[in-house]
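J.: The chain contents come next:
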Amino acid sequence: MTTTVSTVESTITLRRQQGGGALIGYLPVGFPTLSESIDAAVALVAGGVDILELGLPYSDPVMDGPVIQAATQQALANGFRLRHGIEAVAAITSQVDAPVLVMTYWNPIVQYGVERFADDLHLAGGAGLITPDLVPDDAADWFAASDRAGLDRVFLAAPSSSDDRLEQAVKASRGFVYAVSTMGITGARSDVDSAARVLIDRLRAVGSTSACVGLGISTPSQVREILGYADGAIVGSALVRALGDGGVPMVAALARDLAAGARDIRPAV
Amino acid sequence: MSLKAEAGPYFGDFGGRFVPESLVAALDELTNEYTLARSDPAFAAELMELHRTYTGRPSIITEVPRFAAHAGCARVILKREDLNHTGSHKINNVLGQALLTRRIGKTRVIAETGAGQHGVATATAAALFGLDCVVYMGEVDTERQALNVARMRLLGAEVVPVTTGSRTLKDAINDAMRDWVTNVENTNYIFGTVAGPHPFPAMVRDFQKIIGEEARQQVLDLTGRLPDAVTACVGGGSNAMGIFHAFLDDADVALYGYEAGGDGAETLRHAATITKGRPGILHGARSFLLQDEDGQTVESHSISAGLDYPGVGPEHSWLASIGRATYLPITDAEAMSALRLLSITEGIIPAIESAHALAGTLDLGKRLGSDATILVNLSGRGDKDMETAGRYFDLLDKGAAQL
Chain A
1 MTTTVSTVES
11 TITLRRQQGG
21 GALIGYLPVG
31 FPTLSESIDA
41 AVALVAGGVD
51 ILELGLPYSD
61 PVMDGPVIQA
71 ATQQALANGF
81 RLRHGIEAVA
91 AITSQVDAPV
101 LVMTYWNPIV
111 QYGVERFADD
121 LHLAGGAGLI
131 TPDLVPDDAA
141 DWFAASDRAG
151 LDRVFLAAPS
161 SSDDRLEQAV
171 KASRGFVYAV
181 STMGITGARS
191 DVDSAARVLI
201 DRLRAVGSTS
211 ACVGLGISTP
221 SQVREILGYA
231 DGAIVGSALV
241 RALGDGGVPM
251 VAALARDLAA
261 GARDIRPAV
Chain B
1 MSLKAEAGPY
11 FGDFGGRFVP
21 ESLVAALDEL
31 TNEYTLARSD
41 PAFAAELMEL
51 HRTYTGRPSI
61 ITEVPRFAAH
71 AGCARVILKR
81 EDLNHTGSHK
91 INNVLGQALL
101 TRRIGKTRVI
111 AETGAGQHGV
121 ATATAAALFG
131 LDCVVYMGEV
141 DTERQALNVA
151 RMRLLGAEVV
161 PVTTGSRTLK
171 DAINDAMRDW
181 VTNVENTNYI
191 FGTVAGPHPF
201 PAMVRDFQKI
211 IGEEARQQVL
221 DLTGRLPDAV
231 TACVGGGSNA
241 MGIFHAFLDD
251 ADVALYGYEA
261 GGDGAETLRH
271 AATITKGRPG
281 ILHGARSFLL
291 QDEDGQTVES
301 HSISAGLDYP
311 GVGPEHSWLA
321 SIGRATYLPI
331 TDAEAMSALR
341 LLSITEGIIP
351 AIESAHALAG
361 TLDLGKRLGS
371 DATILVNLSG
381 RGDKDMETAG
391 RYFDLLDKGA
401 AQL
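Residue numbers (full-length UniProt numbering), protein chains in the order written: chain A, 1 to 269; chain B, 1 to 403.
Treat the hints with care, as some may be off.
To be verified - Quick list of the computed label-pair ranges, beta carbon to beta carbon:
| no. | chain 1 | residue 1 | chain 2 | residue 2 | range |
| --- | --- | --- | --- | --- | --- |
| 1 | A | Ala140 | B | Asp250 | 33 to 39 Å |
| 2 | A | Gly150 | B | Glu29 | 52 to 58 Å |
| 3 | B | His85 | A | Arg116 | 35 to 41 Å |
Said to hold, decoys possible - Some chain A residues close to chain B (C-beta under 10 Å, calculated; not the full set):
| no. | residue |
| --- | --- |
| 4 | Met63 |
| 5 | Ala70 |
| 6 | Gln74 |
| 7 | Ser94 |
| 8 | Ile109 |
| 9 | Val110 |
| 10 | Asp133 |
| 11 | Phe143 |
| 12 | Leu156 |
| 13 | Met183 |
Because the hints were derived from the structure by calculation, they are not lab data. Bear in mind that the values here come from a model prediction, so they are computed numbers and not experimental data. Positions of the beta carbon are idealized from the N, C-alpha and C atoms, including for glycine.
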């Protein structure tokens, strides 16, 4: 294990100390175009997003709902290649300081080469990977590559996970643990499940100090509610929809609104 | 070591469980319940009784000498899974998983289907067991297998046409997985083939291996010896694993899986996964896969909806990698020609899927010669394919061709 300090984790910690929590924003690379996806990501950070989650479009995204499916399918139809993902990370990290995590299904990384991808991502200034269809049990290659390259690895925790599996996810993850708010796939929901609060409590009980909630979060008030108990809130489909509907200006405006929900929740430490 | 003893999660380098964490608890539950069930004599007895009184097992074997005359005069023996209730081997697996669903206490089942045979079998079992049933089917497949859509609806199932991606079986599996992630509390996913995350490849194989166990004894009784070769079509690979498994440790019995070659394995329009693909991860398992350089799944093509899948079960990838089984492509045209030949020579209309195994057998017989005996898994009947065959052979309109 390297002793690399996770910039993702230190960003989250800083936001907690300041009396709020981290706002994590998801956008897929290549939607609506490669250059607009880069501009949109930069605009998210300017709007107050603390950590970027860049999705790599994939042909069979089983964790994604209709909004993200449609966006990533469009990106693939436009000719998205994995190297564009690396290029986007480099372009974004050259413009903003916020840590950039890449969200990707596992087969593209395997085909690119796990070690090679880790090296290229590190070189591009990327912070690590969120892996929705890779569980720690089958992740030996990724443990080795991420330790060597000093990359974060974010595994998922679900309301259905046993306590043993939650503890495994906490120990395996670096940066944060991605707490799935509800049993389901990505997409905005009017109510974010109370299961999220229970899951965060259970993650705390097995030692998590960095747990962020994702799935279904779309409004500033939901962000605020979640950061009352979690370390970070992850917004995806709502940003993708805004980008599709109103381009970079609209997604930047939504980021500003969401960021306002993420601040001044408690007195600063 | 016995090849038959492999039970997952890995078969050599293939298999595993590449799924969202949300599904792990359900897969663990299924694994545990299945482990308990398979050592419970009451479970086995109930399944066997259902097979005897409902499926129509054991299925017979039929020797087809007039067809065999076109296969180098080898002896050709068909294992008649086409005679099962619902018209294919799929019912073998579905009844097992439906019993398991009841044991777990879930009230809703979902399934993916390509040709519609697994969907029909699942809808049938759901009717029999009083379970709610939703079947995901690619929109392309709902059109080319419209009769099976009607059968599922008549049986009380909801059929959801899937409009994402290539709108075929792979996308139906994606949507079924999304449903399962969302509704796992009351829903069991009755998976139709020997692919997917553990425990599906091993469990579905176990529910299908009755095909080979029966056929092995039936061929011994008929001919006094084991066959020289066993053949089957391979999409995901459940009928092939079902008939192969009993023979895995019979080193003298050659095993041949015939993949859908579509317009030709040398073209871009085929579903010859092992022939043309390379290892990757799809639908929860590491196996051979049709994919581009970036690991994006490539759309497959086959006239047969049931074989039109860019992946394949991990146990097949393993058997191919160790050389125990051989996998070869059969084009649409070769399969349709074999379908017509069996119909004309023996009065048996096979499913287009199974016709791939017949086409492969025609070639294999010529290579093995007249002393050879070949056991073919006739995995399904052709009723569902009459519209496709009718169009293909121009049989539907007034003044249509008389073959």
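J.: Which earlier hints can't be squared with this structure?
T.: 2, 3, 6, 7, 11
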